[in-house]
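J.: Keeping their order, the protein sequence lines are chains A and B.
Note that this note's numbering has the first sequence beginning at 1, numbered continuously upward.
Note that this note's numbering has the second sequence beginning at 1, numbered continuously upward.
Treat the hints as calculated values from the structure; they're not laboratory data.
Some hints could be false.
To be verified - Pair ranges (Cβ atoms, derived):
(1) F31(A) with A231(B): 38 to 48 angstroms
(2) D32(A) with S10(B): 49 to 59 angstroms
(3) Q150(B) with P277(A): 13 to 23 angstroms
(4) R104(A) with R180(B): 12 to 22 angstroms
(5) T59(B) with P16(A): 48 to 58 angstroms
(6) K379(A) with D161(B): 50 to 60 angstroms
(7) S287(A) with R180(B): 20 to 30 angstroms
(8) R3(B) with P16(A): 54 to 64 angstroms
Stated by the list, open to error - Covered, in the sense of this in silico footprint (three residues per stretch, anywhere, with C-beta under 8 angstroms from a C-beta of chain B), are these stretches of chain A:
(9) 133-147
(10) 279-293
Keep in mind the model is a prediction, meaning the values are calculated, not measured.
Ideal Cβ placement from N, Cα and C applies to all residues, glycine included.
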Amino acid sequence: MKVWHFSEMAYHPAWPELRDSYRVVVPNRLFDPRIGADLYHRYLDEWALCDELGINIMTNEHHATATCADSVCTIPMAILARETKKVRLLALGMPIGNRNDPIRVAEEYSMLDVISRGRIEMGFVKGVPFEISPANTNPADLTERFWEAHDLILKAMATHDGPFNWEGTHFHYRSVNVWPRPWQEPHPPVWMPVGSPGSAAEAAERGMTIGVLNTGWVRTPPIFEAYRQRAAEAGRPMSPQRLAYMALIGVGDTREEGHRRADQILDYSRTSGIVAPQFMNPPGYASVAQSAQALRMSGGGFRAGRIQSRDGRAIDPRKMTVADAIDAGLSFAGTPDDVFDQLRAFYDHVGGFGHLLMMGQGGLLSHEETVANLRLFSKAVLPRLTELGV
Amino acid sequence: MERIQIGDVSLEMRTAGEGPPLLFLHGGDYFAQNQGFLERLARRWQVLIPRHPGFGGSTRPDGFRSVHDLAYLYLDLLDRERLRDVALVGSSFGGWIALEMCVRSVERIGRLVLIDTLGIKFGGREDKDIADIYVLPADEVLRRTFFAPQRAAPDYSTLDDAEAVSIASDRAATTLYGWRPYMHDPGLRRWLHRVRVPTLVLWGQSDGIVSPDYGERLCRSLPQARFEPIAEAGHYPQIERPDAVADAIERFARAEAQS
Chain A
1 MKVWHFSEMA YHPAWPELRD SYRVVVPNRL FDPRIGADLY HRYLDEWALC
51 DELGINIMTN EHHATATCAD SVCTIPMAIL ARETKKVRLL ALGMPIGNRN
101 DPIRVAEEYS MLDVISRGRI EMGFVKGVPF EISPANTNPA DLTERFWEAH
151 DLILKAMATH DGPFNWEGTH FHYRSVNVWP RPWQEPHPPV WMPVGSPGSA
201 AEAAERGMTI GVLNTGWVRT PPIFEAYRQR AAEAGRPMSP QRLAYMALIG
251 VGDTREEGHR RADQILDYSR TSGIVAPQFM NPPGYASVAQ SAQALRMSGG
301 GFRAGRIQSR DGRAIDPRKM TVADAIDAGL SFAGTPDDVF DQLRAFYDHV
351 GGFGHLLMMG QGGLLSHEET VANLRLFSKA VLPRLTELGV
Chain B
1 MERIQIGDVS LEMRTAGEGP PLLFLHGGDY FAQNQGFLER LARRWQVLIP
51 RHPGFGGSTR PDGFRSVHDL AYLYLDLLDR ERLRDVALVG SSFGGWIALE
101 MCVRSVERIG RLVLIDTLGI KFGGREDKDI ADIYVLPADE VLRRTFFAPQ
151 RAAPDYSTLD DAEAVSIASD RAATTLYGWR PYMHDPGLRR WLHRVRVPTL
201 VLWGQSDGIV SPDYGERLCR SLPQARFEPI AEAGHYPQIE RPDAVADAIE
251 RFARAEAQS
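So here's chain A without its partners, still in its complex pose:
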């Protein structure tokens, strides 16, 4: 199993000043560039350390938010492409339905792939609903735009006798000719985060690796199953390497220490969904059936009901405890044995997966604590993952 360390590079110093929305409408006067610089460097140091620890690196991006100050996922990738030598670098990922220029995305990923000598894995994301407003992209045709951008990027990276013509619905280029060509042929492995069986099936048809985030014990199995089923129907070779699961991981020499670390990382879950309600479901973003249902419910700002305990109870993420998160399958925490046992139970429950996306830093977890968390994981959990047989 491959493990990837993920942090959202949170700008947590602003959090105490925020109330109903941590996103979209938060003015950047709450961001102090001097404090921000220190935070960026420490998060980058933590990722760079992963090269020694045998843990791969995962970045992402969000916009106009204090929960994630990584607004350009390829920028830390670019820095780390040179600072690291061994581990692989995954951006999960690039919101290509929200970016106006897919060719620029192909160029960024290709350059990264060459500089890192073929260590890039490229994620494409449709993006959560509150990314629509910062990008001002039309929510009603986001999916269509996403797939057109996806097709164009892959063709641009795989074509070595360009230029070629592209006059699509959303993107128009009459001379596509991306330099450099990527290191990996025909292009780096392609990932997509998914949150529903329907999206998993779309990814399976195309042989993409899916990253499943925050779906836990209850919602993950049908997603993985939909992927396996559709891959079989489409004649795509199936392997656990096509499936990735994200967990918040706090490991310590004692159970108390591991839980304390997990508790701080959990501030990611407690804050990331605090969004003013009008940004949660721009018309056209969700299906008509989902929007019809939302219309009849008085919607709160929080995406209620998304996190469930093993026995199906809704958990309010803002108040989630470490015990809740372990029960929900969102977190593996405690001693190295605890973490391994929880991981193995989850692995068996969902039918196996090949990548563990480890949120090893989140919220206010300090640099020293993050380093200790990553080091202990690398020393006492990572070697045992071969026992899972992937």
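With the hints as your guide, set chain B onto chain A.
T.: The following block gives chain B in isolation, referenced to the frame of chain A:
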């Protein structure tokens, strides 16, 4: 509900009343709430009430996605029905469609009524002429939309499945047509001199989505228009003051008939 086929669009369309033809183009939301107003109009006119493609149960073919498409569709409808001297009435988003029709052809259109119409941008790049209903909190959008939201805003908790799906479709379609540029066509203002029909511009005095000032400016941009405010009404005066709006339209029609 009738269904008519125009090209590759299958349109939900209701026809009410008898008399000279009147085409009503609805706004982006609150379709059902126009009922009282339309019944009143149907006493004097034959009122054609299509539901725009993508809204309600009307289909929207692939690639049909601009207000220009809507304008040509309804011009085709007038041709198909061989209608003459049509009274064209557009509310909000529907007023935008009506303007796009008129700059293309007024051959079959006798008079135009614009009610709190969108579609034009007068201000500079940092001005918001049209309130951003997708960014403002829902309760503020309601306050800006209605003079008396507690009276006018429908209770959605009691909708049945079909009604809820219809409204969700309306909202998604409005987004598709109007998201960017936001609820206007940057090229339309240049051609407003082509709206060569007698025009009545009606505006809710308490419209917080597009202000009466915008309405007066729109009125001054049209060759044969006059402006009439509607008191105690917001963005959809025909919903809050159906009789006042219908009276104004009838007066306008009579005056035009006499002149």
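J.: Note whether the CB distance of K379(A) and D161(B) lies within 50 to 60 angstroms or breaks it.
T.: holds, 56 angstroms
J.: Is it true that R3(B) and P16(A) lie within 54 to 64 angstroms of each other by Cβ?
T.: The hinted range 54 to 64 angstroms holds for R3(B) and P16(A), with Cβ atoms some 57 angstroms apart.
J.: Take a look at whether the Cβ-Cβ distance between Q150(B) and P277(A) falls inside 13 to 23 angstroms.
T.: The hint (13 to 23 angstroms, Cβ to Cβ) holds, given that Q150(B) and P277(A) are roughly 20 angstroms apart.
J.: Go ahead and decide if the range 49 to 59 angstroms is satisfied by the Cβ distance of D32(A) to S10(B).
T.: This hint holds: roughly 57 angstroms between Cβ atoms.
J.: Honestly, do T59(B) and P16(A) meet the 48 to 58 angstroms range at C-beta?
T.: holds, 51 angstroms
J.: Could you see if the CB distance from S287(A) to R180(B) stays within 20 to 30 angstroms?
T.: holds, 21 angstroms
J.: Taking the CB of R104(A) and the CB of R180(B), does the distance hold inside 12 to 22 angstroms?
T.: holds, 19 angstroms
J.: Are there three or more residues in the stretch 279-293 of chain A whose C-beta lies within less than 8 angstroms of some C-beta in chain B?
T.: holds (count 9)
J.: Three residues or more, CB to CB closer than 8 angstroms: is that satisfied between the stretch 133-147 of chain A and chain B?
T.: Three-residue rule met by the stretch 133-147 of chain A, so holds; n is 7.
J.: Please check whether F31(A) and A231(B) have a Cβ separation lying inside 38 to 48 angstroms.
T.: Cβ of F31(A) to Cβ of A231(B): about 47 angstroms, so the range 38 to 48 angstroms holds.
In this structure, none of the earlier numbered hints is contradicted; all agree with it.
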